[in-house]
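Visitor: Each chain is listed here by its residues.
Number of protein chains: 2
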Amino acid sequence: MAPSEKELLKKAGPILCDAVNDEKAGKIDRAMVRYKQGIELIAQAMRMMPIGSADREKIMTNFAIYVRKVAELEYLNKTAAEVDQYRISANSIGHSYYKIFTRCCDKKLRMVHVQDAYIVAHHQLLNFVRFCELIVPLSENLLVITLKTGVDAQKNENEFKELARSLEKRGVTLQVNYSGTLHDREIIFDNGWVVKSGRGLDYFKPAEGKYVLGICDMDQRPCHETTIDFLKRKN
Amino acid sequence: MAPSEKELLKKAGPILCDAVNDEKAGKIDRAMVRYKQGIELIAQAMRMMPIGSADREKIMTNFAIYVRKVAELEYLNKTAAEVDQYRISANSIGHSYYKIFTRCCDKKLRMVHVQDAYIVAHHQLLNFVRFCELIVPLSENLLVITLKTGVDAQKNENEFKELARSLEKRGVTLQVNYSGTLHDREIIFDNGWVVKSGRGLDYFKPAEGKYVLGICDMDQRPCHETTIDFLKRKN
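Protein sequence lines, in the order shown, are assigned to chains A and B.
Take the first sequence: its position 187, counting from 1, is numbered 443 in the numbering used here, and each next residue is one higher.
Take the second sequence: its position 134, counting from 1, is numbered 390 in the numbering used here, and each next residue is one higher.
These are calculated hints, taken from the structure and not from any lab test.
Treat the hints loosely; a few may be bogus.
As the list makes no split between identical chains, a pair holds if one copy fits it or if it spans any two.
Stated by the list, open to error - Mimicking SDA-like on lysine to any residue, the simulated pairs with C-alpha atoms at most 20 Å apart in a straight line are:
{"hint": "1", "residue 1": "Lys425", "residue 2": "Cys479"}
{"hint": "2", "residue 1": "Lys314", "residue 2": "His378"}
{"hint": "3", "residue 1": "Lys411", "residue 2": "Tyr434"}
{"hint": "4", "residue 1": "Lys466", "residue 2": "Gln431"}
{"hint": "5", "residue 1": "Lys425", "residue 2": "Ser348"}
{"hint": "6", "residue 1": "Lys466", "residue 2": "Ala420"}
{"hint": "7", "residue 1": "Lys355", "residue 2": "Ile271"}
{"hint": "8", "residue 1": "Lys280", "residue 2": "Leu381"}
{"hint": "9", "residue 1": "Lys355", "residue 2": "Cys472"}
{"hint": "10", "residue 1": "Lys425", "residue 2": "Glu413"}
{"hint": "11", "residue 1": "Lys466", "residue 2": "Leu382"}
{"hint": "12", "residue 1": "Lys466", "residue 2": "Tyr374"}
{"hint": "13", "residue 1": "Lys466", "residue 2": "Glu424"}
{"hint": "14", "residue 1": "Lys425", "residue 2": "Gln476"}
{"hint": "15", "residue 1": "Lys417", "residue 2": "Asn433"}
{"hint": "16", "residue 1": "Lys461", "residue 2": "Gly350"}
{"hint": "17", "residue 1": "Lys425", "residue 2": "Ala346"}
{"hint": "18", "residue 1": "Lys355", "residue 2": "Glu313"}
{"hint": "19", "residue 1": "Lys461", "residue 2": "Cys472"}
{"hint": "20", "residue 1": "Lys466", "residue 2": "Glu415"}
{"hint": "21", "residue 1": "Lys411", "residue 2": "Glu328"}
{"hint": "22", "residue 1": "Lys355", "residue 2": "Glu279"}
{"hint": "23", "residue 1": "Lys466", "residue 2": "Asp446"}
{"hint": "24", "residue 1": "Lys461", "residue 2": "Arg426"}
{"hint": "25", "residue 1": "Lys334", "residue 2": "Arg286"}
{"hint": "26", "residue 1": "Lys314", "residue 2": "Asn433"}
{"hint": "27", "residue 1": "Lys355", "residue 2": "Gln476"}
{"hint": "28", "residue 1": "Lys466", "residue 2": "His378"}
{"hint": "29", "residue 1": "Lys334", "residue 2": "Ile284"}
Excised from the complex, chain A in its bound form (with noise of 0.2 Å):
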C-alpha cells in the first residue's frame, strides 16, 4: 500500500532537521541531498491533498522555506565544467525553447531554479510562462520551479500567481522572490545541467506585427546576437 500523507510527512521531519545540522556542520553536499529527499516526501503528500485545502497551505509554507533554501545553496554551489555554446546570430531563426532546453529535462528532474533580474514586462512574463510549457510536459518527475527576480517584478505578483495556480494543477510548485541585487541571468537543473546567457529567456526580436509567423512559433521568430553555455556540474 502506497504510504499515506501523514506518513510521508512523518518520514521527512528528521531527514530535514539532519540537513539542518549538516548545513550547519558545514557539510553542505551532504545537506543539499537530504534536503532534496525531504522535499520530494513533502511534494509527494501535497500532491495527494486537496489543492488550496487550509491543510495544505501550512505545509507549503513550511515548503516554501526548505526549497528556497535549497535554491540558495545550488546557486552557491556551482562547480561545474563547460559541455557547450550555443551561439545565436543577429536576426536568425530556429531557436526556440525546445531547441535550448529540451537536453536539460529528463526523469531524474526534480527542482529547476530560474535567476533573472528582469522577468518584469509583459512579454517577458510570457516568455518564463512558454518556458514552464517547455519543461513540465518534459520532465515528468518536476516538483518545483523557483524564481528569483528583480524587485521591479513584484508588479506581477498576481501573474504569478495566476502562473502558480496553473502549475499546481500538474503537481508542480511555484516559488517566487525578489531581489534587489541580481546579476547573473542563469537556470539551474537540479539534474546537474546549468544554463547561463547574457539576455535570459529574452533573447528573440519582437515580431514584425500581430498576424505574422513568427508570432506564436518561436522557431520562426528572429533572434538577437546572443550566446548561451550549458554546463554540467560535476557529481
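Chain B: place on chain A using the hints.
Guide: Same frame as chain A, but now just chain B:
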C-alpha cells in the same frame, strides 16, 4: 542556366490557355493539371521579382484569378475515400495543429485551400496564423494558401494583408475571398488530403487565464469535443 522570370511567364501563357479550353470542354481533370502547371511557373517567376514591385503586382492580379479558379475546382472535385477519424473528447489535451496536420504536409504540397466561414474573432485569426506557421516550414514547396471565409471576416482585411506580407517573404501567396453562402468547414491539400471538421480550426477552449500553461503551447490547451475526418482523394 535557370530560366529567367520572363521565360517562365512566357511558358506559363499557353499552358493556362489550354487549361481554360480544357475546362470549357468539360475536361476538368486535365484543366486542373494544366492550371497547376501554369500557376507553378508564375509562382516561380514571382519569387524572382522584388516583393512590392509594380511588375510583380501586375502579374499577381492574373495569378490571383487562376488560383481562385483552381480553388473552386478543388472544392467541386472531391471524390475521396475516408482514411481516418480523429476524435477529440471534451476537455482532453494533446491536440495541437502539429498532431492534426503534419501528415498532410510534404514536398508534393503546392496549394492549400482553407474554407471556414468564421475566421472572424481575434482568436480565430490567431488560429489561422498558427495553421500557417505550422504548414509553411513542413511543406518546402508550398506556393499558395487560399482562404474562403464569411463576409463578417471582411473586417479583418488589414490583418489578412499583414499575414499575406509575412507569407510573401517565405515565398507563399495568401489569397482571401469572402462568401455569404459557406457551410462546410474543410481544408483541401493539393497533395490529396482533405480534412473536414465541424469546428474547423476553432476546437480549443479558451485558456483559463492569461498566464497559464496552454496559453502558448496548444498541446496543453483543453479542447471542445469534435471529430476530424481525414479523407484521401483518389487520383
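Visitor: Next step is simple, just say for each hint if it's right about the structure.
Guide: Evaluated hints:
1. Taking CA atoms no more than 20 Å apart as the test, Lys425 paired with Cys479 passes between copies only; the shortest distance there is 17 Å, against 32 Å inside one copy.
2. Taking CA atoms no more than 20 Å apart as the test, Lys314 paired with His378 passes in neither setting, with 31 Å inside one copy and 42 Å between copies.
3. For the homomeric pair Lys411 and Tyr434, the shortest alpha-carbon distance inside one copy (11 Å) is at most 20 Å, but the shortest distance between copies (44 Å) is not.
4. In this assembly of identical chains, the alpha carbons of Lys466 and Gln431 lie at most 20 Å apart only when taken from different copies (18 Å versus 32 Å within one copy).
5. For a Cα distance limit of 20 Å, the shortest separation of Lys425 from Ser348 across copies, 15 Å, qualifies, whereas the shortest one inside one copy, 36 Å, does not.
6. Proximity of Lys466 and Ala420 under a CA criterion of 20 Å is satisfied inter-copy only: 12 Å between copies versus 28 Å inside one chain copy.
7. Taking the shortest alpha-carbon separations for Lys355 and Ile271, neither the intra-copy value of 38 Å nor the inter-copy value of 45 Å comes in at or below 20 Å.
8. In this homomeric assembly, Lys280 and Leu381 never come within 20 Å of each other (Cα to Cα): the closest approach is 37 Å inside a single copy and 58 Å across copies.
9. In this assembly of identical chains, Lys355 and Cys472 lie within 20 Å of each other by CA distance both inside one copy and across copies; the values are 15 Å within and 16 Å between.
10. In this assembly of identical chains, Lys425 and Glu413 lie within 20 Å of each other by CA distance solely inside one copy; the values are 19 Å within and 40 Å between copies.
11. Taking the closest pair of Cα atoms, Lys466 and Leu382 come within 20 Å of each other both inside a single copy (15 Å) and across two copies (9 Å).
12. Taking the closest pair of Cα atoms, Lys466 and Tyr374 come within 20 Å of each other only across two copies (19 Å); inside a single copy the shortest separation is 23 Å, beyond that limit.
13. In this assembly of identical chains, Lys466 and Glu424 lie within 20 Å of each other by CA distance solely across copies; the values are 16 Å between and 31 Å within a copy.
14. In the homo-oligomer, the alpha carbons of Lys425 and Gln476 lie at most 20 Å apart only across protomers (12 Å), although the nearest pairing inside one protomer, at 30 Å, exceeds that limit.
15. Proximity of Lys417 to Asn433 under the C-alpha cut-off of 20 Å is restricted to the intra-copy arrangement: shortest distance 12 Å within a copy versus 44 Å between copies.
16. Proximity of Lys461 and Gly350 under a CA criterion of 20 Å is satisfied intra-copy only: 13 Å inside one chain copy versus 28 Å between copies.
17. Taking the shortest alpha-carbon separations for Lys425 and Ala346, only the inter-copy value of 18 Å comes in at or below 20 Å, while the best intra-copy value is 38 Å.
18. For a Cα distance limit of 20 Å, the shortest separation of Lys355 from Glu313 qualifies neither inside one copy, at 36 Å, nor across copies, at 38 Å.
19. For a Cα distance limit of 20 Å, the shortest separation of Lys461 from Cys472 qualifies both inside one copy, at 13 Å, and across copies, at 17 Å.
20. In this homomeric assembly, Lys466 and Glu415 come within 20 Å of each other (Cα to Cα) only across copies, at 8 Å, whereas the closest approach inside a single copy is 22 Å.
21. Proximity of Lys411 and Glu328 under a CA criterion of 20 Å is satisfied in neither setting, with 23 Å inside one chain copy and 53 Å between copies.
22. Proximity of Lys355 to Glu279 under the C-alpha cut-off of 20 Å is found in neither arrangement, the shortest distances being 37 Å within a copy and 49 Å between copies.
23. Within a single copy, Lys466 and Asp446 get their C-alpha atoms no closer than 37 Å, and across copies no closer than 29 Å, so neither meets the 20 Å cut-off.
24. With identical chains, the CA atoms of Lys461 and Arg426 are at most 20 Å apart between copies only, with a shortest distance of 18 Å across copies and 30 Å within one.
25. Taking identical chains as interchangeable, the C-alpha atoms of Lys334 and Arg286 lie at most 20 Å apart only when both belong to the same chain, with a minimum of 15 Å there against 69 Å between chains.
26. Taking the shortest Cα distances, Lys314 and Asn433 sit within 20 Å of each other inside one copy (19 Å), while across copies they are farther apart (59 Å).
27. With identical chains, the CA atoms of Lys355 and Gln476 are at most 20 Å apart both within one copy (12 Å) and between copies (19 Å).
28. In this homomeric assembly, Lys466 and His378 come within 20 Å of each other (Cα to Cα) both inside a single copy, at 15 Å, and across copies, at 10 Å.
29. Within a single copy, Lys334 and Ile284 get their C-alpha atoms as close as 12 Å, which meets the 20 Å cut-off; across copies the closest is 70 Å, which misses it.
Of the numbered hints listed earlier, those contradicted by the structure are 2, 7, 8, 18, 21, 22 and 23.
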